[in-house]
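So the chains spell out like this:
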Amino acid sequence: MDFRDTPEEAAFREELRAWLAAHAPAGPPADPDERAAFLHGWHRALASAGYTGLAFPAEYGGRGLAPTYEAILNDELGAGGHPPPPAIGHITNAVRIFGTAAQKSRHLPVMLACTERWCQGFSEPEAGSDLAAVRTRATREGDAYTVVGHKIWTSEALWSHWCLLLCRTEPGREAHRGLSMLLVPLDTPGVECRPIVTASGTREFAEVFFDGARVPAAHLLGEPGQGWEIAMRLLGYERGPADIGWVARLSRMLTLLENDIRDGSVAAGPSAREAVARAWVSLRTLQLHVRRTLSARLDGSLPGPEGSVDKLLLTEADQLLNHVVMDVRGAAALVEEDAALDAYFWSRAQSVFGGTRQIQHDIVARRVLGLPDGRASR
Amino acid sequence: MDARLTDEQRMLQQVAAAIADDRSGGWTALAGAGLVGLHAQAGTCGAVAAALVAERLATARTPVPYVGAGVWAPALLAASGADEARTAVEEGELRLVPVLRPDLSAPARDGEEGVAFDAEGADAGLVIAADGRLRAVALGGPTRGADLTRTLRRVPADAADRDLPLGGPLTARDRVRTQAVVLAVLAADLLGTAQRALDDAVAHVRERRQFGVPVGSFQAVQHLASHAAVLLEGARSAMWHAAWAATELTEDEALLAARQAKAACSTAARDAAETAVQLFGGIALTWEHPAHLRLRRILLSRAVLGDESAQYRAIAARRLAPAGRD
Chain A
1 MDFRDTPEEA
11 AFREELRAWL
21 AAHAPAGPPA
31 DPDERAAFLH
41 GWHRALASAG
51 YTGLAFPAEY
61 GGRGLAPTYE
71 AILNDELGAG
81 GHPPPPAIGH
91 ITNAVRIFGT
101 AAQKSRHLPV
111 MLACTERWCQ
121 GFSEPEAGSD
131 LAAVRTRATR
141 EGDAYTVVGH
151 KIWTSEALWS
161 HWCLLLCRTE
171 PGREAHRGLS
181 MLLVPLDTPG
191 VECRPIVTAS
201 GTREFAEVFF
211 DGARVPAAHL
221 LGEPGQGWEI
231 AMRLLGYERG
241 PADIGWVARL
251 SRMLTLLEND
261 IRDGSVAAGP
271 SAREAVARAW
281 VSLRTLQLHV
291 RRTLSARLDG
301 SLPGPEGSVD
311 KLLLTEADQL
321 LNHVVMDVRG
331 AAALVEEDAA
341 LDAYFWSRAQ
351 SVFGGTRQIQ
361 HDIVARRVLG
371 LPDGRASR
Chain B
1 MDARLTDEQR
11 MLQQVAAAIA
21 DDRSGGWTAL
31 AGAGLVGLHA
41 QAGTCGAVAA
51 ALVAERLATA
61 RTPVPYVGAG
71 VWAPALLAAS
81 GADEARTAVE
91 EGELRLVPVL
101 RPDLSAPARD
111 GEEGVAFDAE
121 GADAGLVIAA
131 DGRLRAVALG
141 GPTRGADLTR
151 TLRRVPADAA
161 DRDLPLGGPL
171 TARDRVRTQA
181 VVLAVLAADL
191 LGTAQRALDD
201 AVAHVRERRQ
211 FGVPVGSFQA
221 VQHLASHAAV
231 LLEGARSAMW
241 HAAWAATELT
251 EDEALLAARQ
261 AKAACSTAAR
271 DAAETAVQLF
281 GGIALTWEHP
291 AHLRLRRILL
301 SRAVLGDESA
311 QYRAIAARRL
321 APAGRD
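Note that the protein sequences, when read in sequence, are chains A and B.
FYI, in the UniProt record's numbering the residues of the first sequence are 1 to 378.
FYI, in the UniProt record's numbering the residues of the second sequence are 1 to 326.
One chain only, chain A, in its complex shape (with noise of 0.2 Å):
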């Protein structure tokens, strides 16, 4: 057990500070589209430098890293202040673990470098938390899938390239088993995506229609049915709060917050103080946990149901601290609407989506402590 860095870690970390030292953007604007625009130059730009797909093969533009070096990323970025990596780790392993070789080099390279952005078209009207429900139906004629169904979630849809669509290819095999996964580029005709607007005002989510439109056969991930177990697969990462950036967005929040308290910008009298106290020590169990979880997988092993225990930490360490954000800053962000309230919501949000917190703990009582499944039994 060491959790000190390596020689090669503290070089590494040292040459991501310089980094960002010369590199580090100016806040991010305040306008929700211009925010996005700002995050995805961002995200091109720590791409170039090579703080992308850390732990992924150099053959697809990855630096062959161990995942641990996932945390240094995180921490570094957030300890700075600096805006969060992209939340890439889901999609890519996905890819990574289940795609064709023609796939992977088509798709990751590209992924890694932040030019082409993907979204995730699982959830739908009738299928939220029962995933399995999903009615997207893929009709395979001849070399291509017919598309026709209702994305609904679909996160950053307005501005992805492509779509990780879950959807019905095998009539007959009921539920789960009847579900593939297939790469569909949103510009096929018969694509279309209406945003939705979140209570803070960013386009972020989108409902995502197929009418008809037409995928190659080629762009099957993994074989025909296989769609429920890539799923899960993906969603083990998108868990992870270090594979899709979260404990960078959050620490980001609380170094800010105590800055302002140590300069005297912000008033923090005890009770506040020890408020965020605990934010620090729910904030820093999170990192140390993701610590633990990133070595579990340095012997190759990869993410499994203790995938939820993560993210109900990080579901709890967010709501934590937002609410200490926004008790400590006071009214600033009700007099003037700003970033604070945007990140209060999503901090709502952290309990719904990637599966719910009632759907984690789910998973954990019974894939982890194993509990019987009470749906079975009534």
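For the record, the hints were derived by calculation from the structure and aren't laboratory data.
Covered by chain A, according to a simulated footprint, are these stretches of chain B (three or more residues, beta-carbon under 8 Å):
1) 201-210
2) 223-234
3) 240-251
Model, not experiment: these values are computed from the prediction.
Every residue gets a Cβ at the ideal spot worked out from N, C-alpha and C, and that includes glycine.
We have chain A; now place chain B onto it with these hints.
The following block gives chain B in isolation, referenced to the frame of chain A:
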């Protein structure tokens, strides 16, 4: 960076579990296996070793005074260079224990009333005199303590000296280092106690049937158990880090890490043990059942050197000091 337990650390967990499960051996067995004063003997990551042992002993609800007599006092003796006394302690021939302030929040002030912690079978208490030297004092009678697995004994303000050679003065850094080690080991004690409480309760709801089904099949019950399990896993990551940091980082960083883990484990352990009581139902609050014994142990370990609120205050003072003062 590698946060995994090593093979040696896993083996140590097994040794500690075997000793804990064999009630006949007690202190002699612990000392014989080299587990008393382990943190100072084990070199690199010595506090991790001590924490893993404390966790296992707490899991088994073993009534041996490991944290006080097996870790804390030997750490003080190692810092003061009291080699003779330390050897006697490590061999199980002499048992010394720390004396705390009556509210358990910190080591006692010399010449004031105190409470000896983990004092079962102790020969004397250790206080730090104004000149930084250790002083051995005679112990008074036991308190009627809430934790039935550990003994507290009164130490009057005018407690008699026990004549023992106890080395040179402790520096401020020695004291901070010792505090970090002890906080990390207390965190481990909390975690071990709470993990067993929860594990037993989860096993119970898997079997206990109501409405014709195991009560553990109900989501309301599952989510209580899951929430506690999640808190404990996070707390375990914090505890491992603090135990590692206690010997491997500077005193200041080690203490911050230890406070972080003590806070996380205090919160998680009480929550998990209370959840266990809820999952067992009324029986857990009676003398027919051990659940409340674990809760009692957790309440005491939380209080020793400060519960989570005390840690938050200390952390805020350290992290939120005005720019330039730090």
